[in-house]
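Using the hints, build the complex out of the two chains.
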Amino acid sequence: MSAAMHPAGSAALSVWVEGVALWTPRLPGWPAARAVLRGETQPQGEPAPRPQPALLPPTERRRAPDTVAVALEVAFAACASAGRDPARLPSVFASAYGDLPLNDYMCATLARTPLLVSPTRFHNSVHNAAAGYWTIATGCLEPYTALSAREHTFGAGLLSAATQAVSEDAAVLYVAYDIEACGPMATMVSSRGLFGVAMVLSPQPSTRAVARLVCEVRAGSAPRNSAASAQAAALVQGNAMAGCLCVFEALAQEVPRELMQTLSGGLALSVAIVPRGPVA
Amino acid sequence: MAALPSHGGSGRTAPLSVSAATLVCAAGRGRAAVLAALRERRTGLARNAFTSVPLETWIGRVPGIEAEPWPHSLAEWECRNNRLAWAALCTDDFRARVAQARSRYGAGRIAVVVGTSTASVGATEEAYCRLEPDGQFPPDLRRPVIHTPHSLAGFTQQALGLEGFALTIATACSSSAKVFAEAARLLALGLADAAVVGGADSLCGSVLFGFHSLALLSAQPCRPFDPGRDGISLGEGAGFALLEREGPGPWLLGYGESSDAHHMSSPHPEGLGARRAIERALARAGLPAGAVDYINLHGTASHKNDEIEARVVAELFPARTRASSTKGWTGHALGAAGILEAVITLMALEAQFAPGTLNARTLDPVCGPQLMLAGEERSLACASSHSFGFGGSNCVLLFGRERPA
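Here the protein sequences line up with chains G and X, keeping their order. Numbering-wise, my numbering puts 132 at position 132 of the first sequence, and it's gapless, one number per residue. Numbering-wise, my numbering puts 1101 at position 101 of the second sequence, and it's gapless, one number per residue.
Bound-form chain X, shown alone (with noise of 0.2 Å):
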């Protein structure tokens, strides 16, 4: 049997070079146009036109997705959510990126590694609406491998002409944070060479009635950090990208896992599960939070989440961090916000350009001088994303400009 690598629990990882990422939410279709959308304060966020019983609440939804022309080979998998897949895998080169690295790897030793909340749920449901007398599913919906949890992951891996591991993560809101930490210890261990890692959330009545039925959504553009939040707006987005353990970078430097152990839905009020995230991620970056130049915030605009972050952040890192939420321009892409705010800091640390959080007029008390409503072109080094989920799930994710010596 060949020796593994090994490194203990509370030791520092190698660090991962993202090789290339992409991005498709509300507030724009790939990187620079996101980055644009950042830069010029432009919102992704409309009134709810989605739903076919009015709810008055505003949606990142991306538009004509449903209207695109699709790939007949991949016939089996259309649906709302492999569209926003496909239209993110379409984006920024991603594919040929990957097409370079299974000639350089093989199929077989890439592995697929994504995160979704409700996967292509919008299909089934769609499919109930439409039900034949006899209880069936409407023929063009009769497609099993659509109506499982699993239907992004086989969808990636058969877009990409993967062949590796394929796996999906569905912890809700860390979903596609914790895709990263996953492929790392696969990458780690030897048991792929590369990984696409990733995630899709797709705008449904289950996300959009439930979240209602849980008094959680904003009837205006979710404000994050603002004193007068009064909930979220649900968003929808894709996003991916492929680590390996040597590349251009920028450099996954590490990551941090956690529960709250404390309600379905509502956050831990200390912030215990947030915190030890957070010290984890630095611990196995073996960074100090004053390392940390710029954090994308998890900032869904519940009243909760902020406060608790906000005094986190206020707590655990110095004045210099910059730190925001970018769910006013995207909405709360819920398993997909991970991926969409790893990508967006990615971004931060490429344009050297911490965006800034929209629609708050003014901020919470409870924020320290960490929080920044206006963008600013800074010097970032270092910056990482917080995703803190549903069911009490964390993940902080770190990543560094250039590979630490």
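Chain G on its own, in the form it takes in the complex (with noise of 0.2 Å):
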């Protein structure tokens, strides 16, 4: 954190954190990513096969791509941990860049047989696909946001959360994830492996809140992500989504922490995390 960050002149977002969740090759769902971040265990040596998330038909699950598969495997485990119908969350579903792959076949395609397009790849390539697979799937008529922000895409999606969840009053699911670029594309954009986080944030405390998150504006020149302790960090190393293992770390370790997420050149989104202490 730069010590030249001061407030932006915005007042602070409390939240409660209900249920998180967290996927990716080595760390492959929440119970295994919380006791390799307590360092209680090592990482599985193996990385785990990509997630078929139960949510989709059986058709539809070995067809989906990364984005869509990573995300809803993640916001799935978070509705679980929280004890919340799907259904009735309105959600946030961040990318810094979407579905890469799918970017490169389209523009590959494009490029010698545009004609050939296939539709199903098309409407997979889209931003909000796995926003909208996720409602279809869960039978959701509540309103999800596709956002980016590119390398402040993690700090702006939680901010966009938060104050959805405050404004309206509501839980809401926030997802987060990238996956990996490839072809031509890969030399403009820089993602690697899969990674994807969720969680259920609440404008109220209740039994079901693991901890407390105070969200503020802050101001101040080229501010920097918080940083994962260096084994952590390994684990997601080179994905666009990496910056954010830092706040999963510390909900992980439930420890008192106050992290920054950057949300732009000059701002950056101030996170205290307050654990819950033991209940009684």
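Keep in mind that the hints were calculated from the coordinates and are not lab data. Heads up, some of the hints might be wrong.
Stated by the list, open to error - According to the in silico footprint, chain X covers these stretches of chain G (three or more CB under 8 Å from chain X):
1) 238–252
2) 257–271
What the hints assert, rightly or not - A partial selection of chain X residues facing chain G, derived with a Cβ cut-off under 8 Å:
3) I1169
4) A1170
5) G1205
6) D1226
7) M1264
Keep in mind it's a predicted model, so treat the numbers as computed, not measured. Where a beta carbon is used, it is the ideal one built from N, C-alpha and C, also for glycine.
Structure below.
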């Protein structure tokens, strides 16, 4: 955190984290990730195969793009751990770059044989594909937002989700993910591996809450994301969403922490994490 | 910690002044030009000559945009999509109005929230057509900032000299309608003092051949609500609005968002999501459906969308409400449709003119008495804009000429 950051004139937003989820091939699911991030176990040596979201019909499960697979996996796990019905939660889906392999497919096909673009791959290539599949699979009529803010996407999405939770006085599902760039696209956009995180954010405290997040916008020059421990960071290294790992490390360790997530070249979101005390 | 202004999810929210607004689309550049085209029933649609491989469809192209001078200071951001955005920013005195707001509030207190479906992907497509032998992008397109979904927001922020929160919403056809809801929440919680909202989408291979692959393009100019309609005409454009808590108006009175939970590329058969978005916008504004004088419909001319939207409007609104689709003038500008039609709705309030529907010869029998082919000069106090998107994302915006008491 830069010492030069100062409050940007906004009030702080308080939200309570009710359910947490994380998936990356060496930390496939929150129970495994939590134990590793607490230093209790080593990450598994063999990367796990891509998640197969049980929410999707079997035929769609295999064909679903990686973005949809990882986003639905963590979204469902976060709702389950929060004990919340997914159909009743508005959602925010954040991804810096969306489905990069489908983007590569579209551009490569358009350059050679534009009339042969696959309709399924086209509609899976849109930035809101994962959110669309989520609301269809869960029967959710509540609104979703699909967003991007390039390297500031996690912080921007968290601010958007927290703002929605507080201003609409409703719990919000927040999902963030990025996948690996490929083809010529990979020379312009850098992202490696498969990484998704999710949490349910409630504007009210409850027995379901595992921590409170106090979010405040700070201004200052060239802010940087807070770092996770080197050992943990190596597990998601190079992924466009890797900068948020510190937040999940703090949630796993259940220690109070104040972390920074960038919002732009001159703004950052200060996220104070206050774990729930021992249950009496 | 400072106390937060609080209002519940079902309660009314404070109206916001739409203190400036601009648009550029196939029907014209700027509000006056577009209004003249709407009154004179001049379409912006023309036969597709945009794609390298022939595709029999009509498009709403903004002519000449690729050949215009480009500011050296923004060289890194040059691409068709940002050209459309720049054209809109330079129209209707918009940059000057934002500059005044910047001196009032400070550059860090004005958020930029913009919507797009494909951002600058046209530039990425071009790079793939001109790859170097080693697979690198051609040198003139080795500009990472434009090859991401956030290109438009980054460009808009830099072009306007703003330093606040910047966000891109990409929910297909509802993208640049939902920006009003997002900005309203930021302003309600004091996270910004003003917001530049808007969006841009440009014609590109992805959408032209993508919608062709889904068999959704018409070979003729699109005919919203005509019983013989057979698909959409794609368009392009950009628009922006400046939102503030206090100002001259007109006013954003409410917004309603929902999901269809039905299908990625086909609307809910009973219009469940659309209905919910309309009802939420009315509830937030504290108004009955009868208060809505004019609705700018999503009206894409796809068979299903128009049938379902017409049914919902016929059921929810009284006969005196006027409703039309302006896509016969502009084409469907996808992620920019929300802002183009929001600005057209604001223009309708300003001019006291409800635009009609172009290219349809007769109305589908499913349409209620609200649907109109001819434009009407009439008294309009309250008007709404519908955006129902691909991926089942819906947003309805409600605007008023006067600030409610």
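Enumerate the violated hints, using their earlier numbering and listing them in ascending order. Checked against the structure, the hints that fail are numbers 1 and 6, while the rest are satisfied.
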